[in-house]
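Kindly generate the complete structure, drawing on both the sequences and the hints.
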Amino acid sequence: MQVGATLSQYFAGVDIGSTMTKVVIMNQTMLASVIGPTGPEHRKLANRVMEEALAKANLPFDDITYVVATGYGRINVPFADKQITEISCHARGVGHLLPEARTVIDIGGQDCKGIKLKEGRVVDFVMNDKCAAGTGRFLEVTAEGLGVKLEDMGRLSLAAENKVEIGSTCTVFAAQEVVAKLSEGVPLPNIIAGLHEAIASRIYSMVGRLKIEREVALTGGGAKNIGLVKALEAKLSFPVLVPPEPLLTGAIGAALLGRDIVEQAAEEGITLVRSERRLREATLFT
Amino acid sequence: MTEEKKPEERKKRRTATEAASRIGAMAKAMNAAVLQAGEEGEPIAYAFIYSGYDEIIRAMDIVPAWTENYAGICGAKRDAQRFLERAESENFSRSLCTYALCGIGFDSWREELGEMPPESPWGGQARPTVMLGSGQMICDPRYKWYQAVQHYMPDVPVYVSGLPWPPYEDDYDYREVQDYYVKYIVEEMRGLIEFLERHTGRKMDWDRLSELVDLSDRTWNLISEAYDLRKAVPCPMGTGDAMNTMVPMTFMMATQEAYDFFKDLYDELKIKIANKEGEIPDEKYRLLWGGGLPAWFALTDFNYFNSKGAVFPAETTYRLVEPVYKLDLPKVSDPLEHLAWRWVKYWTYRYDKARKRPGSHPDIEHLIEYIEEYKIDGVVMHEAFSCRSWHPGLIWQLNQLKRVYGDIPSLILESDIVDISSYNEADTRARIDAFIDTLEAVKSKKR
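Residue numbers (this note's numbering), protein chains in the order written: chain A, 1 to 286; chain B, 1 to 447.
Some clues are possibly wrong.
Lysine-lysine pairs mimicking PhoX-like chemistry, simulated, CA-CA at most 25 Å apart [what the hints assert, rightly or not]: (1) Lys284(B) with Lys308(B); (2) Lys402(B) with Lys118(A); (3) Lys375(B) with Lys231(B); (4) Lys231(B) with Lys28(B); (5) Lys211(A) with Lys270(B); (6) Lys375(B) with Lys284(B); (7) Lys276(B) with Lys353(B); (8) Lys276(B) with Lys402(B); (9) Lys231(B) with Lys118(A); (10) Lys375(B) with Lys326(B); (11) Lys118(A) with Lys445(B); (12) Lys224(A) with Lys149(A); (13) Lys353(B) with Lys331(B); (14) Lys284(B) with Lys402(B); (15) Lys181(A) with Lys230(A); (16) Lys445(B) with Lys82(A); (17) Lys375(B) with Lys308(B); (18) Lys445(B) with Lys375(B); (19) Lys402(B) with Lys82(A); (20) Lys230(A) with Lys149(A); (21) Lys284(B) with Lys118(A); (22) Lys308(B) with Lys82(A); (23) Lys181(A) with Lys149(A); (24) Lys331(B) with Lys211(A); (25) Lys118(A) with Lys326(B); (26) Lys375(B) with Lys270(B); (27) Lys375(B) with Lys443(B); (28) Lys284(B) with Lys445(B); (29) Lys331(B) with Lys118(A); (30) Lys211(A) with Lys284(B); (31) Lys82(A) with Lys443(B); (32) Lys284(B) with Lys231(B).
Just so you know, these hints were derived from the structure itself, not from any lab.
Keep in mind the model is a prediction, meaning the values are calculated, not measured.
Below you can see the structure in the form of structure tokens.
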């Protein structure tokens, strides 16, 4: 199917992360967004999240001008017109939401990225995708050890009076260490604040390779944890910027890049090739 | 037991040049020749590449067994883990050089069995008569590895020849001290020859040594000329191929076979350039492999770069020669003295350039030179975690490059030379994808 730039201007961004799947539908503003778990079964079910977003926006799929998929599961979106890396999408999303940002720190479920921006474009990036320390997974595992809900970790840590030092870099050993601290009677907030300090240190040393420049935007699930945000701010010695819904940054960037592609094609008189407008689930294993 | 593990075979990397496609057979034949020499009782020397003694060994008819090469073969065949684990079980730290660990694991196993470990890649690594370490500033395994292997082969003597060069300082001229270095190196080489004569029964043939020094000089020049042809747009040969053609450069130096190989490569590249035949049909990005040894088990990543429109016209890794006529060597009659001068002048080749650019360093000048001469769009480096002498400096080099020269997109890949457990193909390729996005963004901005 082919499309010119004269169709209805709706753009969809689909960001399939390791733990959460995010979809946004935009024209000049955001019309709908959905955030759902990725999970082992959901990896191939981006179509269902997309259906939900279309229903929210009250649009048929045919009306979507361009669909861009991003995230580690971007290849599992058979109805996407283009796949773009999460680095580019986060950069575009932050450039739109927080144009003053020069450095982006994205704390995802299984990886952490640092992105350096110049005039809205990526000029450098670093990624930690080898070790859970410095990612959301670190907090997830340790929260489980503490018997605390992940979403409560940030709030609880704010009550810390004397944060403990977590010596283990390895996530598995850190989980053991926090259980030992609990049994020693260390107050829970002090332990959680220590965990935030540990993860912030890992992130800071990795992103430090980029020569961090202000302003710094924090995205991804980690940005929703106020304790981690505070710990990172302490490392940086200045406040960070957080978008209204940090989980959606990549999906917003994807939708915006889709719009850029369509606009550029129109300017250059190029006809874009679109995938079939049929919502189907991905076939992962053939 | 780790011994039961089977290797994971891997599809071969596509080569751009016919010359590079011949390397597998050449390297295999080289290993077979060493094994054959061992069976016939010929003296075999464990040796490190780039240790300044190629001509000496060859002139004395001693067969070199390049231990780094054998570890690389195990890595490339994805059959190194059992040797690494063997060394680890002997209490060697996994954070040591994995070339060394693989070699130590292999040797300890071979010595225990009294024969090659089962299904050894390419028939195994021959037992040496002597082991030739190399004390220099490249890396510490060059003088510690063979000493460690002596635990398992106490009857095999080791000679460590010191091969220093003047360290770079921006506030002095290395020429003030170069004579001392040359004298020292010559003495070390004489000591090596004495050691080899004593332990192998072979005598130095000084006329042959002079001939081989001349041959390797000519080979250095020829390699430089052949590699310079890669400046062409489109680029006829990338770093993926250069990781093959390093075999005759490093393991066959001072042989006619190496010279002939690079003559063939030179001729092939000339034809490709005349036909405007690039490594890939649609070359979009020209990249510099700016440092780090490659992940030998993942050379197909170069094909992945190619699939994204990226080529590597140059690399600083395994470009272990410079045109000899540019090195400003004094005319000397003693071949050992010539080798010593070539060694010192090679390592100091970019010192003057670096001193002229505040904040620079010879390694940075190397990068800048290639970026300019090969029309480079971005720099890729590989942090091989176990190569402790090299990988800690890569980030500094990149940062310093950007400081003294200017912003250029860069990518650091992370894994290892041999240890496949450090590698994740999906993550590596995600980084490559993101890097390609960055290159495109920079290019479109320039447009």
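Verification of the supplied hints:
1. Lys284(B) with Lys308(B): holds, 8 Å
2. Lys402(B) with Lys118(A): The given pair, whose Cα atoms are some 15 Å apart, holds under the 25 Å limit.
3. Lys375(B) with Lys231(B): holds, 8 Å
4. Lys231(B) with Lys28(B): violated, 30 Å
5. Lys211(A) with Lys270(B): Given pair Lys211(A), Lys270(B) is violated - Cα atoms ~43 Å apart, limit 25 Å.
6. Lys375(B) with Lys284(B): holds, 12 Å
7. Lys276(B) with Lys353(B): Not OK: Lys276(B) and Lys353(B) at ~33 Å, beyond 25 Å, violated.
8. Lys276(B) with Lys402(B): At roughly 33 Å apart (the allowed maximum being 25 Å), Lys402(B) and Lys276(B) break the hint.
9. Lys231(B) with Lys118(A): violated, 30 Å
10. Lys375(B) with Lys326(B): holds, 22 Å
11. Lys118(A) with Lys445(B): holds, 11 Å
12. Lys224(A) with Lys149(A): holds, 14 Å
13. Lys353(B) with Lys331(B): Answer holds: Lys353(B) to Lys331(B) is near 24 Å, not above 25 Å.
14. Lys284(B) with Lys402(B): holds, 22 Å
15. Lys181(A) with Lys230(A): Given that 25 Å is the threshold and the Cα spacing comes to 22 Å, the pair holds.
16. Lys445(B) with Lys82(A): holds, 21 Å
17. Lys375(B) with Lys308(B): holds, 18 Å
18. Lys445(B) with Lys375(B): Between Lys445(B) and Lys375(B) the Cα gap is close to 17 Å, so the pair holds against 25 Å.
19. Lys402(B) with Lys82(A): violated, 32 Å
20. Lys230(A) with Lys149(A): Satisfied, since the Cα-Cα distance of roughly 19 Å is no more than 25 Å.
21. Lys284(B) with Lys118(A): Within the cut-off at roughly 22 Å; holds.
22. Lys308(B) with Lys82(A): holds, 15 Å
23. Lys181(A) with Lys149(A): The hint holds at about 18 Å.
24. Lys331(B) with Lys211(A): violated, 48 Å
25. Lys118(A) with Lys326(B): violated, 41 Å
26. Lys375(B) with Lys270(B): holds, 19 Å
27. Lys375(B) with Lys443(B): Measuring from Cα to Cα gives roughly 13 Å; hence the hint holds.
28. Lys284(B) with Lys445(B): The given pair, whose Cα atoms are some 15 Å apart, holds under the 25 Å limit.
29. Lys331(B) with Lys118(A): Answer violated: Lys331(B) to Lys118(A) is near 53 Å, above 25 Å.
30. Lys211(A) with Lys284(B): It is violated: about 28 Å lies between the C-alpha atoms, which goes past 25 Å.
31. Lys82(A) with Lys443(B): The given pair, whose Cα atoms are some 20 Å apart, holds under the 25 Å limit.
32. Lys284(B) with Lys231(B): holds, 15 Å
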